[in-house]
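**Q** Letter by letter, the chains look like this.
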Amino acid sequence: QKEVEQDPGPLSVPEGAIVSLNCTYSNSAFQYFMWYRQYSRKGPELLMYTYSSGNKEDGRFTAQVDKSSKYISLFIRDSQPSDSATYLCAMNGGSNYKLTFGKGTLLTVNP
Amino acid sequence: NAGVTQTPKFRILKIGQSMTLQCTQDMNHNYMYWYRQDPGMGLKLIYYSVGAGITDKGEVPNGYNVSRSTTEDFPLRLELAAPSQTSVYFCASSREGNTIYFGEGSWLTVV
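Protein chains in written order, with our numbering: chain A, 128 to 238; chain B, 1368 to 1478.
No wet-lab data here; the hints were simulated from the structure. It is possible that some hints are incorrect.
Heads up, incomplete: computed chain B residues facing chain A, CB under 8 Å, no partners named [to be verified]:
(1) Gly1409
(2) Leu1410
(3) Leu1412
(4) Tyr1415
(5) Val1417
(6) Tyr1431
(7) Ser1434
(8) Thr1438
(9) Gly1464
(10) Asn1465
(11) Ile1467
(12) Tyr1468
(13) Phe1469
(14) Gly1470
Note that the coordinates shown come from a computational prediction; the quantities given were computed from them, not determined experimentally. Glycine residues also receive a C-beta, built at the ideal position from the N, C-alpha and C atoms.
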């Protein structure tokens, strides 16, 4: 079983839709959870950062962590064409400064 | 507001040649990383450093070398380039090891 699983998509939605992106993981030591956004031919940029379980909201973006199910999600409300990118989940155990990344989900938001 | 700066952005190498990818950060981060990203394979950690003078191997270190003589700089050396090293390379840095910040990437083709 891979440490982090992420559906690669591609995912195509109309503008204004609610998007749900997900990752599952197997290592119960993971405590820090991140979402990165990567535009084509650019480096990944940090989008959301959460510690342990719970929700975190930032504008149109909401990150959820369910440690009991080893499942994390990123929700994008009122999606825009500018949200079209690859979204990568990442996580680590706190005492380990190396992140484990999912392979990324390619999202396209159509005008 | 430079952040993590990588050079060169694009490079074509012949098999057997050597080169160095340069990386510098101006955020006074202790942790620095080199990743490679191949289509459908996600980000793979090549080498990382937790501070000046300290480096360690990641998942895919073969064919690469690094050094960390200063906090700011973390060059990646490719010796005897092979077609398997054709990839996009990202340098990254982190203050505390959980949230990391990426450079814009270096596209390398070995022919």
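**Q** Just to be careful: measuring from the Cβ of Tyr1431/B to every Cβ in chain A, is the smallest value less than 8 Å?
**A** 16 Å, violated
**Q** Regarding the hint that Thr1438/B lies at the interface with chain A, is the smallest CB-CB distance below 8 Å?
**A** Constraint on Thr1438/B not satisfied, violated at 15 Å.
**Q** Mind checking the CB of Tyr1415/B against every CB in chain A and telling me if the closest is under 8 Å?
**A** Check passed: Cβ of Tyr1415/B comes within 6 Å of chain A, closer than 8 Å.
**Q** Would the hint on Ile1467/B be counted as holding, given a Cβ-Cβ threshold of 8 Å to chain A?
**A** The hint holds - Ile1467/B has a Cβ within 8 Å of chain A, the shortest such distance being about 6 Å.
**Q** Take the shortest C-beta to C-beta distance between Asn1465/B and chain A; is it under 8 Å?
**A** 5 Å, holds
**Q** Hey, does the Leu1410/B contact hint survive, CB to chain A under 8 Å?
**A** Leu1410/B check passes; min Cβ-Cβ to chain A is 5 Å, inside 8 Å.
**Q** Given a cut of 8 Å on the nearest C-beta pair, is the interface hint for Ser1434/B held or broken against chain A?
**A** At about 19 Å, which exceeds the 8 Å cut-off, the nearest Cβ of chain A leaves the hint on Ser1434/B violated.
**Q** Quick one, is the Phe1469/B hint okay against chain A at 8 Å, beta carbons?
**A** 4 Å, holds
**Q** So, as I understand it, the hint says Gly1464/B touches chain A; can you test that by seeing if any CB pair is closer than 8 Å?
**A** 3 Å, holds
**Q** Identify whether the interface hint at Val1417/B stands, where standing means a beta carbon of chain A within less than 8 Å of its own.
**A** Holds, because the Cβ-Cβ distance from Val1417/B to chain A comes to roughly 7 Å (cut-off 8 Å).
**Q** Restraint: Gly1409/B near chain A, CB-CB cut 8 Å. Satisfied or not?
**A** 4 Å, holds
**Q** Tell me if Leu1412/B is really an interface residue toward chain A, meaning its C-beta lies closer than 8 Å to one of theirs.
**A** With a closest approach of 6 Å, the Leu1412/B hint holds.
The earlier numbered hints that this structure contradicts are 6, 7, 8.
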